[in-house]
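Please assemble the complex out of the two chains, which come individually in their own frames, going by the hints.
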Amino acid sequence: MHYKSTTSSLWHRQSFRQLILVIPALLALFLLFIYPISSILIKSLFSPDFTLKHYLYFFETPLYSRVLWITFQISVLSTLSALIVGYPIAYVLRRAKPGIRNFFLLAITLSFMISLLVRNYSWIIVLQRSGVVNTVLTYLGLVDSPFKLLHNKFGVMVGMTHIFVPYIVFPIYSVMMGIDLNLEKAAQNLGATRWQTFWRVSFPLSLPGIGAGALLVFIMALGFFITPALLGGRKEQMISNLIQIQVVDLLNWPFASALSVILLLATLVVFAIYNRYLGVERLWGGLKT
Amino acid sequence: MKKKKETQNKKGMTRREFIVTTGAATGAALVTASVGPFVHTTMAKGGTLKVCSYGGSYQESQRKALIQPFADKFGVKIIEASGPDIAKVKAQVDAKSYEWDVVDLETRHVARGELENLLEPIDTSVVNLEGIDKKAIRKAAIGNIFWTTSLAYNKKALGDKKPCSSWADFWDVKNFPGPRALQDQAPFNLEFALLADGVPMDKVYPIHVERAFKKMDAIKDQITVWWKNGAQQIQLLTSAEAHYASAWNGRVNVAQGKGVPLEIVWEGGCLDLDWWAIPKGNPNRELAMKFINFAISAERQGEQMQKFIAYGPTNLKAFNYITPERAKELPSYPENLKKQFAHDADYWGPNLAPLTEKWKTWLIS
Chain A
1 MHYKSTTSSL WHRQSFRQLI LVIPALLALF LLFIYPISSI LIKSLFSPDF
51 TLKHYLYFFE TPLYSRVLWI TFQISVLSTL SALIVGYPIA YVLRRAKPGI
101 RNFFLLAITL SFMISLLVRN YSWIIVLQRS GVVNTVLTYL GLVDSPFKLL
151 HNKFGVMVGM THIFVPYIVF PIYSVMMGID LNLEKAAQNL GATRWQTFWR
201 VSFPLSLPGI GAGALLVFIM ALGFFITPAL LGGRKEQMIS NLIQIQVVDL
251 LNWPFASALS VILLLATLVV FAIYNRYLGV ERLWGGLKT
Chain B
1001 MKKKKETQNK KGMTRREFIV TTGAATGAAL VTASVGPFVH TTMAKGGTLK
1051 VCSYGGSYQE SQRKALIQPF ADKFGVKIIE ASGPDIAKVK AQVDAKSYEW
1101 DVVDLETRHV ARGELENLLE PIDTSVVNLE GIDKKAIRKA AIGNIFWTTS
1151 LAYNKKALGD KKPCSSWADF WDVKNFPGPR ALQDQAPFNL EFALLADGVP
1201 MDKVYPIHVE RAFKKMDAIK DQITVWWKNG AQQIQLLTSA EAHYASAWNG
1251 RVNVAQGKGV PLEIVWEGGC LDLDWWAIPK GNPNRELAMK FINFAISAER
1301 QGEQMQKFIA YGPTNLKAFN YITPERAKEL PSYPENLKKQ FAHDADYWGP
1351 NLAPLTEKWK TWLIS
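Quick mapping for you: the protein sequence lines, in order, are chains A and B.
For what it's worth, the working numbering labels the leading residue of the first sequence as 1, then goes sequentially.
For what it's worth, the working numbering labels the leading residue of the second sequence as 1001, then goes sequentially.
Hints may be right or wrong, so weigh each one.
Unchecked claim - Partial list, derived from the structure: chain A residues whose beta carbon lies under 8 Å from chain B: (1) 63; (2) 66; (3) 128; (4) 129; (5) 151; (6) 230; (7) 237.
Stated by the list, open to error - Covered, in the sense of this in silico footprint (three residues per stretch, anywhere, with C-beta under 8 Å from a C-beta of chain A), are these stretches of chain B: (8) 1077-1089; (9) 1108-1121; (10) 1222-1230; (11) 1233-1240; (12) 1350-1356.
Unchecked claim - Here are the in silico distance ranges between beta carbons for each label pair: (13) B:1263 <-> A:273: 53 to 61 Å; (14) A:56 <-> B:1346: 24 to 32 Å; (15) A:109 <-> B:1317: 44 to 52 Å.
Keep in mind that the hints were calculated from the coordinates and are not lab data.
For glycine and all other residues, C-beta sits at the position ideal for the given N, C-alpha and C.
If we strip away everything but chain B, and leave its shape as in the complex, we get (with noise of 0.2 Å):
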C-alpha cells in the first residue's frame, strides 16, 4: 500500500496533487455514503460496499477466493476494513451512521448483536441457503466458516513421550506432563472441564457450571500460562513455554505450514463458526445481501479453503471443490466433525456475563 503510494508520487503527482485528489476522493465518499441507496439503485450494476472483517492472512483468504470475484463480476467497488466487534456494530447502529455494509463476526457478538436487535435478519429470497449447514444459519447472520479450539501440542517438545489424546489426557499432568496453556476466558474451558470428567458430548450443555468449575480447580495450578490472543497461543507452542495448550485450528495450520512441528488433536474440540451480518438499518443492505450469497456459494468456499486458509466450509458442497488431502486438514471434514462438539451460541449469550465474572473470581482466587 505504502509502496504504491509512493510509486505513484515518483509518477509525478505533486504533494498538493495528492491532497486534491484525497480530498476530492473523500468529498465524493461522503455524497455517496449521504445518497446510499440510491446509488445501486439508478446504477443497476456496480455501487460501493464496505466490508469488515479480522486481517491478516484470514482477510487476505477471503479478499482472494471472496472480495475480489464479486468486485470483478458485479462491477462493485469494495473497500475493506479490519478489526470487526459488536460494539462497533452497535455504535454505528446507534449513530445510523454506517462503516461497514458487511460484517465478520464471531459467535459470541452474533448472538449479543441478535439479543439487542443490532443486525438485520437474513433476506432468504437473496441469500441461497441450499447446501449450507444448519448449525451455520441463525436469523441475523450465516455462518462463513468453521473453525475448531483444540488441544494441540508441540511433537518436538514431547520427545518420546506420548501425546495427549484427549482432554482427560489433557488434565492428567501424571501420565503426561509438561507445561500447559489455556486460553483466558470462560467459554470453552468449561466446556473442556467437564469432557474431561467424563461428559459426553452432547450433555455438555447446559453447563454444569459448579462441576465444570471444580474440574477447573484440579488444573488451575498446573497451567503455566492463561494465554490472551490468537498470536500468543502460537508462540507458546512453537517456544515449547507451552508442550501443550488449547490453539485454534487455523492458526496452528499456518505454523504447520512453516515447519512448526505442531499437531492437533480433533477429540473433543470445540467446533465454532465465524458468521457474516449486516448492521442493522443498513441502507446498502440489498448489495450487501447480494455479497453474502455470492460469498457463501460452495464454488467460492472451495476455493477460500483449498487455496488460502485450513477452515471448514460452511456449505457442505465446497467439499466437491476440496481435493480429499487438503479436506482432511479442515474441521468439518466428516471424520474430524464427528470428533469434536458445536459451541452453543444460544447458550452463551446470556450467559457470557456472569460466567465471565464467575472467571475472572476464580482466576485471581
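Here chain A stands alone, though its shape is the one from the complex (with noise of 0.2 Å):
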C-alpha cells in the first residue's frame, strides 16, 4: 500500500490533469440533464409535501395508460417500418459503386435539413382526398371513390417512416461498412444459396446496426406528436400531446412532470431489455465480446 512519494504525487497530478478535462462535459451532463430531470422528478413527488397522488391518478384514469399504449403502438410501428424501408437501402448503398453512393446518402442527408412540419404538410399533399396518388388513381379508372390515406394510421406511418428512415440508414450503413464482404463469397464458394448467404452470414452481421438504428429511432418516436397530430386521426393520440396540454393550458406541473417520469420510465425499460439482448455498446459501434 505504500507508493514512494514521486509515484504517488505523478499519480495524483495526472488523475487531477485528467478531472480538469473531464470537468465541462461532467458540467454538461450535469446542467443539461441530471438537474432538469431531477427538479421534474422531485416535482411529481413533492407539492410541496412528499405525495404520491400525481401517479395514483395516472393509474386511476384509464386515459392516461391508454394514450401511453397508444404511443408504445405507433412507435413500435414505426420503428419496424422505417426498417423495412430502411435496411434495403443500406444494403444496396453498401454495394454501390462510390459515386452512386456518396450521392445517396448526401440526398438522405439532406432530408435532415428540410423542416418537419414542411415534409408533413407535403404528405398531405400527396395524400389527401383531393391529392397526387387519389388523382392518379381516380385518373387512371383505379378506384371510383378516392382512397382515404390520410389522417388515420396509415398516414401516420407514412409521415413517421419517411422522418426516421435516416436515422435508420446510417447506423446500419455504418456496421456494414466494417463487414468484410469476403465473407459473402466464401459462404457462397462453400454452396451457400445468395438467400442463406443473406440470412445467415450478412444479416446476423448488421444486426448491431439494426439495434442501434432501432433503438435510436424507437426512443425519437415515443416522444412525437406534431406528426401524429397532422396525419393522424381521432385515435392516434400521443402522450407527449397529453403532458403539453398539461403543461400550457392546465399549468399542472406536478401531474405533468409525473406523466413525463412515466414516459421515462417506459423508455428506460425499453433500453434495459435492449441492454439486456443486444449492449449497449453496440450503439457507439463497438461489437459485444
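See below:
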C-alpha cells in the first residue's frame, strides 16, 4: 500500500489533470440532463409535501395508460416500418459504386435539413382526398372514390417512416461498412444460396446496426406528436400531447412531471431490455464480445 | 430582419464590431432590466416595454396600429416577442424575471392566470374603460379583439348544393353531405353540439355535459379531420379536404382576401376574445398599463380593424373609425353579434381539466 512519494504525486497530478479535462463534460451533463430530470422528478413527488397522488392519478384515470399504450404501438410500428424501408437502402448502398453511394448518402443527409412541418404538409398534399395519389388512381380509373390515406394510422406511418428512415440507414450502413464482403463470397463458395448467404451471414453481422437504429428511432418516436397530430385521425393521440396540455393549458406541472417521469421510465425499460439482449456498447459501434 | 443585418454588414461593420456592439447592447439590456422601474421614473419620457403576442398577420396588425404609434408618441422603446401562453407567464412570475411586460393571451389562459393569481389587476385609474364592451372587462385583463369560431365552408366545393346555415345543419349529414372537420378540443365543440341539439344560445352554459357528448356521438364518425391548429383549418377548407369546418373568422377573412371561395356562417358562432394582461409583480406595470390604455382606445382599434385585420374591436366607439362595408365583416358588428353566443371563460376555467380528459377519452374510444 505504500507508494514512493514520486509515483504518488505523479499519479495525483495525472488524475487531477484528467479531472480538469472532464469537468466541462460533467458540467454539461449535470446542467443539461441531471439537474432538469431531477427537478422534474422532485416536482412530481413533492407539492410541497411528499405525495404519490399524481402517480396514483395516472393509474386511476384510464385515459393516460391507454394513450401511453397507443404511443407505444405507434412507436413500434413506425420503427418496424422505418427498418423495412431503411435496411434495403443501407444494404444496396453498401454494395453500390462510390459515386452513386455518395450521391444517395448526400440525398438522405439533405432530408435532415428540411423542416419537419414542411415534410408533414408535403405528405398532406400527396395523400389527401384530392391529392396526387388519389388523382392519379382516379384518372386511371382504378378506383371510383378516393382512398382514405390520410388522417388515420396509415398517414401517420407514412409520415413517421419518412422522418425516421435516415436515422435507421446511417447506423446500419456504418455497421455494414465494417463487414468484410469476402465473407459472403466465402459462403457462396461453400455452396450457400444467395438467400442463405444473406440470412446466415450478412444479416446476423448487420444486427448491431439494426439494434442501434431501431432503439434510436423508437425512443424518438415515443416523444413525437406533431406528425401524429397532423397526419393522424382521432385515435392517434400521443402521450406527449397530453403532457403539453397539462403544461401549457392546465398549468398542472406536478402531474405533467409525473407523466414525463412515467414516459422516461417506460423508455428506460425498453433500453434495459435492449441492453440485456444486444448490449448498449453496440450503439456506439463497438461489438459485444 | 436578416436582410437588414446583411446590409449593415455590407456598410462596413466587421464581424468583431458586430459582436462587440451586440455584447454591449445585451449588457445594457441586462442593466436596464435590473434597475427596471427606475429607468421609467427618472426618464419620464421613454423607457422600454416588452410586448408578446401571437405573431403572424395578427401581431403585424398590432405593430402597425398599436405598438409603433405608442412607441412614437411616448418615445418608448418596444421589444416584441411571439408565442405567449400562461405557462411561460407562470415561469416568469415564479422566477420574478420578466421577459414580457404586456402579453396577449387567449381566454382560457387568462382564466387560468386569474385562478392562480399570475396576472396584475387592471389599474382603472390609468386604463380608461369608457366605450369598452363589458364582455371585454375582467379583473386582470382587458379584451383587445373579438374573434369568432364559427362554421365555414368552401362554396366552390359544394357546387349547387345548398350550404349549411346552422350547427343543426352541420349535424344533418343526410341533407348536407360532404366531409367535415372540427377542432380537437372540448371547448366550442360541446357548445356547438348543444346548439345543434336545440338548446337556445343563452342556455348553453353551464354545459350539460352528458347531452353534449351524446350529440357528439351522433357525428363522431362523420368528422374526417380533427384539426389541431389555425393553419390546418384553412388548409383543409382550401383544398376541399373538408367542405365544412369550424374555423376562426380572422383566418377565413385572410383566405377570402386571397381569393379562396370560403364563406362564414355567423349563426351559432362562438364569440371569444383575446386579452391584454400583465404578468403579476412586473416592475414595469405602470408603463404596461399605459400601453393597454393606448391600445384599447377607439381610434387605435378602429385603425387596426379597418386596415389590417378582420377582428372585432372591443371598444364599441371604434366603429366610428370603421366603414360600414368593413364593419359587416367583423365579429362584433351588431348584426353579426346577435347571431352568436359568448364563450364563458368562467365556466371553462375550472372545467377545462376534467372535460379535456373526458374529450380525449371519448375521442380515442
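Against the structure, the hints:
no., hint, verdict
1, 63, "holds, 5 Å"
2, 66, "holds, 6 Å"
3, 128, "holds, 5 Å"
4, 129, "holds, 6 Å"
5, 151, "holds, 5 Å"
6, 230, "holds, 7 Å"
7, 237, "holds, 5 Å"
8, 1077-1089, "holds (count 3)"
9, 1108-1121, "holds (count 4)"
10, 1222-1230, "holds (count 5)"
11, 1233-1240, "holds (count 3)"
12, 1350-1356, "holds (count 3)"
13, B:1263 <-> A:273: 53 to 61 Å, "holds, 55 Å"
14, A:56 <-> B:1346: 24 to 32 Å, "holds, 30 Å"
15, A:109 <-> B:1317: 44 to 52 Å, "violated, 59 Å"
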